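Fit chain B to the supplied structure of chain A, relying on the hints for placement.
Here is how the chains run, residue by residue.
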Amino acid sequence: EPEVTQTPSHQVTQMGQEVILRCVPISNHLYFYWYRQILGQKVEFLVSFYNNEISEKSEIFDDQFSVERPDGSNFTLKIRSTKLEDSAMYFCASSPGTNGGTQYFGPGTRLTVL
Amino acid sequence: AQSVTQLDSQVPVFEEAPVELRCNYSSSVSVYLFWYVQYPNQGLQLLLKYLSGSTLVKGINGFEAEFNKSQTSFHLRKPSVHISDTAEYFCAVTNTDKLIFGTGTRLQVFP
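As you go down the protein sequences, you meet chains A and B in turn.
Number 73 in our numbering belongs to position 71 of the first sequence; there are no gaps in the numbering.
Number 677 in our numbering belongs to position 44 of the second sequence; there are no gaps in the numbering.
Since the hints were made in silico from the structure, they are not lab data.
Predicted model only: the values in this text are computed from it and were never measured.
Note that the Cβ used here is the ideal one computed from N, Cα and C, for glycine as well.
Simulated coverage check for chain A against chain B, where a stretch passes if three residues somewhere in it have a Cβ under 8 Å from a Cβ of chain B:
id : region
1  : 37 to 47
2  : 96 to 103
3  : 106 to 113
Heads up, incomplete: computed chain A residues facing chain B, CB under 8 Å, no partners named:
id : residue
4  : Y33
5  : S50
6  : E58
7  : F93
Next up, chain A with everything else stripped away, as it sits in the complex (with noise of 0.2 Å):
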């Protein structure tokens, strides 16, 4: 069965430093997703990506966050400049459809910002 797979499992990275978190969504769906989850805390959202461009972004997914797709497979989440808040367990998603779509997740990045 087709999943989605993220590296690395897990980054641990100096505050201030950029960090680069990869996703190899399932080969046919078009919805892409980024939630994070800080340690004790609810999954929350982040962004959506849509055919080659965000489709819709939460209050967390300020200027020091964007994503990419630069080829057919991958999706990234880029952090410019990390804070020591930004230290959770991230997660990608990808849906071939919206409006109930079933999202499947892979199964985190844990980031550690120091």
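Frame of chain A, contents of chain B only:
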């Protein structure tokens, strides 16, 4: 705007007992409802979803949920749990494609 409330942060239960995990939502428009499960060190896996039609929805691993519009609830149930059901369960709602999650319920199944 939508919101989701999961009233129980933890639910301890013995193996083979029935369980109900509660979820209430708030929305001014019609929504789609989901239950996801997160096993330790894994991502979120869809258990079941309600889009329309029959209010009783059956999912994987013997779980089912009932959509109750008047009570704005979508409680998850299983008649007999296994040790392997120990996990975090998240209720989510959307009317577009942005999922709004509840805070999660940790189901702990004891032998």
